[in-house]
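Asks: Chains as they are written, first to last, in the numbering used here: chain A, 1 to 503; chain B, 1 to 327.
Since the hints were made in silico from the structure, they are not lab data. Here the structure is a predicted model, which means the values were calculated and not measured. Using N, Cα and C, we set each Cβ at its ideal position, and we do this for glycine too. Treat the hints with caution; some may be incorrect.
Calculated cross-link-like contacts (lysine-lysine; reagent style PhoX-like; alpha-carbon spacing at most 20 Å) [said to hold, decoys possible]:
1) B/Lys121 with B/Lys91
2) A/Lys141 with B/Lys294
3) B/Lys162 with A/Lys141
4) B/Lys193 with B/Lys29
5) B/Lys91 with A/Lys141
6) A/Lys54 with B/Lys162
Distance ranges between label pairs, derived from CB positions [as the list claims (entries may be wrong)]:
7) B/Pro37 with A/Ile391: 30 to 40 Å
8) B/Pro68 with A/Ile372: 35 to 45 Å
9) B/Lys193 with A/Ile391: 36 to 46 Å
10) B/Glu312 with A/Val197: 51 to 61 Å
11) A/Leu170 with B/Lys193: 26 to 36 Å
12) A/Ala486 with B/Gly205: 29 to 39 Å
13) B/Pro30 with A/Ile368: 47 to 57 Å
14) A/Leu130 with B/Lys140: 52 to 62 Å
15) B/Glu148 with A/Arg137: 27 to 37 Å
16) A/Arg137 with B/Met289: 34 to 44 Å
17) B/Gly205 with A/Arg248: 55 to 65 Å
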Amino acid sequence: MEAFQHLMTGFAAALSPMNLMFATIGCVLGTLIGVLPGLGPAAGTALLIPITFKLEPTSAIIMLAAIYYGAMYGGTITSVLINVPGEAASVVTCLDGYEMAKQGRAGAALGIAAIGSFFGGTVATFGLVLVALPLTRFALKFGPTEYFSLLLVGLTLVMGLAGKSLAKALVMGILGLIFSFVGVDPVEGAPRFTFGVAPLMDGIRFVPVVMGFFGIGEILINAERSLTGVMAGEGKVSSFFPRRDEWRISITSILRGTGLGFFLGLIPGTNSAVASFMSYSIERKVSSHPDKFGTGVIEGVAAPETANNAYANAALIPLFTLGIPGSPTIAILMGALIMNGLTPGPLLFSQHAAFVWAVIASLYIGNIILLILNLPLVGWWAKLLKIPYNILMVFILVFCIIGAYSLNNSLFDVGMMIFCGLLGYLFKKLDFPLAPAILTLILGPLMEQSLRESLSVSQGDFTIFFTRPISLFFLILAGVIMVTSAWQAWPAAIREESKGAEV
Amino acid sequence: MKKRRIQCLSVCLLLSLGLLWAPAWAADKPKDYPNKPITIQIGFGAGGSSDVGVRLLADSLKKVIGQPVLAENKPGAGSQVMLTDFKNNAKPDGYTMALINIPQLQTIVFDPTRKALFSMKDFQPVANHVQDPGAVLVRKESPYKTLEDLLNDAKARPGQVKASTTGIGSDDHLAVLDVERRAKVKFNTIHLKDTPTALTRVLGGHTDVDFDNIGGFLPTVDSGLARILAVMMDQRYPDLPNVPTFKERGFDLVSSSTRGYIFPAGTPMEIVRYMEQSIKKAMADPEHMERMKKAGLTLKFMGVEEFDKFLESQNDRAKQLIAEYRK
């Protein structure tokens with residue numbers, strides 16, 4: 001109950017006109033940062049740190065935190081409307097969100113994303129209040145070994161992203177892994193597969209690939225069809241509320257997304273893209289109509305969008321309780337805390353209780369502000385689709401180029417994006433699914449690092465993965481997912497045949 | 001040469017006469033420089049401690065030179081990506097500076113495995129800004145109470161005590177090698193990605209000891225989750241009066257992550273001098289000093305000559321240790 005009292009005092013502070021204003025500014029800026037591809041939440045937050053010196057620490061952190069989770073909302077908008085993910089966590093939203101937009105249901109997609117995000121974010125914040133400390137202790141048990149096995153579960157979920165052909169999904173998955181090998185060896189520091197090209201030393205960056213595959217690829221496909229009319233259901237933008245039958249499905253998806261996002265947020269070193277990809281794959285796995293995924297099903301939007309916001313709020317827990325930033329954006333937030341004279345860690349709650357609880361209260365308020373900002377705006381955003389596609393296309397192209405360039409101020413990234421756009425076009429023509437490549441491109445470096453770190457700890461002994469209980473649990477889970485997915489993917493005829501053979 | 005020295009002397013003299021004497025100062029300003037914004041390139045990600053240091057300096061430097069100072073991140077490969085780009089594209093006109101990290105620069109340049117496309121000759125040192133001393137950290141629950149506990153255990157179980165660094169060729173890695181050589185011990189060295197990862201691992205008990213820099217340690221130490229066994233400085237760290245130095249314990253080990261600024265080689269000397277003095281002035285700004293202290297970054301100014309000498313002094317150590325870990 002003590003926590004509850006603290007929280008009430010926190011609300012009183014967070015609701016002061018000043019703090020309310022900064023939370024709103026943060027939410028608006030965050031949404032904009034999320035909308036702009038390339039400029040991710042990490043860079044956006046870093047740019048604003050100097051401004052925070054001039055502010056009172058509580059207001060400063062409230063604003064920066066609002067930017068951070070505001071970006072999670074904003075990233076969805078472009079994914080749904082124009083198939084260009086605003087940030088990594090929204091990539092998977094393209095798969096069904098954009099399909100929904102094409103059917104004139106952009107409003108419903110954005111609406112459910114906003115509602116799911118609100119729910120996920122709020123529940124994760126509750127977690128922050130209630131169970132923060134014991135949970136972080138548990139999260140610390142996650143060493144490289146456990147982490148690797150967890151990622152392996154993520155990798156087996158690649159199969160969940162397969163379209164009609166499992167083989168094609170695996171080919172794309174491997175392509176993503178190959179992309180992820182390029183760059184400097186994370187342990188030895190030696191450049192590999194860089195062909196002497198300096199920018200490749202930093203590896204093939206995720207954002208240009210995604211913008212190319214999805215954004216540019218889509219433009220090329222449409223250009224080929226010389227679609228000149230209105231793309232999204234003759235400009236008919238239905239209400240932002242999902243259909244009644246969709247609610248039932250969405251609610252369970254949102255619950256699952258919240259749980260997963262919260263759990264992953266606690267573990268330092270993951271990222272929100274992992275959370276959204278895994279939750280999408282899980283939805284598909286448990287769905288009664290897995291074959292409909294990718295054609296515009298609402299749970300394909302609801303679950304990942306919920307997961308990434310639950311992740312974003314839960315990721316603050318390790319920062320507040322242990323002083324460990326779980327992701328790059330949180331690291332910047334931590335820098336801002338320190339520079340404002342607040343040391344993150346267990347003492348933060350006792351030494352700066354007023355501050356911590358004001359920030360926590362502001363997370364609730366921020367989520368409400370975002371909901372208020374976003375729901376009415378959904379209609380406006382969706383109206384963008386009334387612009388004839390041949391004109392919109394030009395804007396999307398410019399938008400992507402600026403986004404790719406702003407990433408690292410490098411033309412190389414723009415070239416990379418265009419190259420990936422051509423690849424994306426080819427893959428679409430050949431009906432290869434793009435999402436598995438993106439998933440492995442995200443997971444590849446994380447897995448390589450945790451695999452090599454584990455082996456470095458065990459001095460080359462692979463049994464380390466089986467002798468640690470949490471790790472073993474995930475390995476078994478991965479095995480189960482793999483076998484059942486393979487079974488489902490088998491052509492029905494063969495399945496029948498083998499059944500006969502068994503008998 | 002002599003003329004330059006006199007010029008330098010007079011600059012220093014003017015400076016010591018007091019920074020308030022602005023007109024005389026202005027006379028030493030190179031003609032028509034700077035007349036547009038100056039960019040500082042950073043080979044590390046936004047928000048890290050290298051980045052924070054640059055952004056804080058940029059804020060004070062802009063007041064000194066009267067032009068905006070922009071910080072530009074080009075992260076990757078421990079700054080190798082940025083330095084390659086800097087060597088190939090930066091013009092020696094005084095409008096592009098770069099942050100270097102010592103000894104990381106040396107371990108890129110002198111390590112054949114890294115295939116660096118630049119050498120020390122491509123850079124003109126300007127001034128040093130930060131020196132973050134190395135330190136050894138264990139978690140609260142660790143059985144090691146002193147440096148001796150750690151080293152005795154490492155001696156008793158060669159290759160078993162897990163020590164983390166923030167990457168191969170980092171100052172932390174060189175420090176591990178140095179300790180191993182001087183104390184005749186062997187660690188199981190684990191190279192991690194960055195400071196947050198290293199802290200997570202050591203707090204979770206996945207590694208036994210973490211070699212890193214004081215700046216990144218202070219929050220964790222302040223909150224009582226971990227303690228520092230020893231620092232790699234000449235004297236004790238002012239804010240940690242109870243923590244011994246390696247020197248006190250009989251190991252001649254001084255190590256740090258040192259960060260300063262360079263221009264491309266061939267930048268006119270008067271511009272280099274002007275920037276050197278401007279950085280010095282910016283570093284004396286009380287606001288800057290206060291913010292740097294809060295960020296846990298220790299200021300250490302070195303002018304052109306001193307910085308150059310320091311760079312050179314680190315070359316041999318780096319070469320020796322590279323030979324050891326690449327053998």
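Asks: For a C-alpha distance cap of 20 Å, please report whether B/Lys121 and B/Lys91 respect it.
Replies: holds (15 Å)
Asks: Holds or violated: A/Lys54 with B/Lys162, Cα cutoff 20 Å?
Replies: With Cα atoms ~43 Å apart, A/Lys54 and B/Lys162 exceed 20 Å; violated.
Asks: Given the proposed pairing of A/Lys141 with B/Lys294, does the C-alpha separation stay at or below 20 Å?
Replies: Not satisfied, since the Cα-Cα distance of roughly 31 Å exceeds 20 Å.
Asks: If I claimed the Cβ atoms of B/Glu148 and A/Arg137 lie 27 to 37 Å apart, would that claim hold in this structure?
Replies: Given range 27 to 37 Å: holds, Cβ gap about 30 Å.
Asks: Okay, A/Leu170 versus B/Lys193 on CB: inside 26 to 36 Å?
Replies: Distance hint for A/Leu170, B/Lys193 holds at roughly 28 Å.
Asks: In this structure, is the beta-carbon distance linking B/Gly205 and A/Arg248 contained in 55 to 65 Å?
Replies: violated (45 Å)
Asks: Could you check the hint for me, namely that B/Lys193 and A/Ile391 are 36 to 46 Å apart, CB to CB?
Replies: holds (44 Å)
Asks: Could you see if the CB distance from B/Pro30 to A/Ile368 stays within 47 to 57 Å?
Replies: holds (55 Å)
Asks: Between A/Leu130 and B/Lys140, is the Cβ distance one that fits in 52 to 62 Å?
Replies: violated (25 Å)
Asks: Hint says 30 to 40 Å; check whether the CB-CB distance for B/Pro37 and A/Ile391 agrees.
Replies: holds (35 Å)
Asks: Given the hint that B/Lys193 pairs with B/Lys29, test it: the Cα-Cα distance must not exceed 20 Å.
Replies: violated (42 Å)
Asks: Using the C-beta atoms of A/Arg137 and B/Met289, is the stated range 34 to 44 Å upheld?
Replies: Cβ of A/Arg137 to Cβ of B/Met289: about 38 Å, so the range 34 to 44 Å holds.
In this structure, the hints that do not hold are numbers 2, 4, 5, 6, 10, 14 and 17, in rising order.
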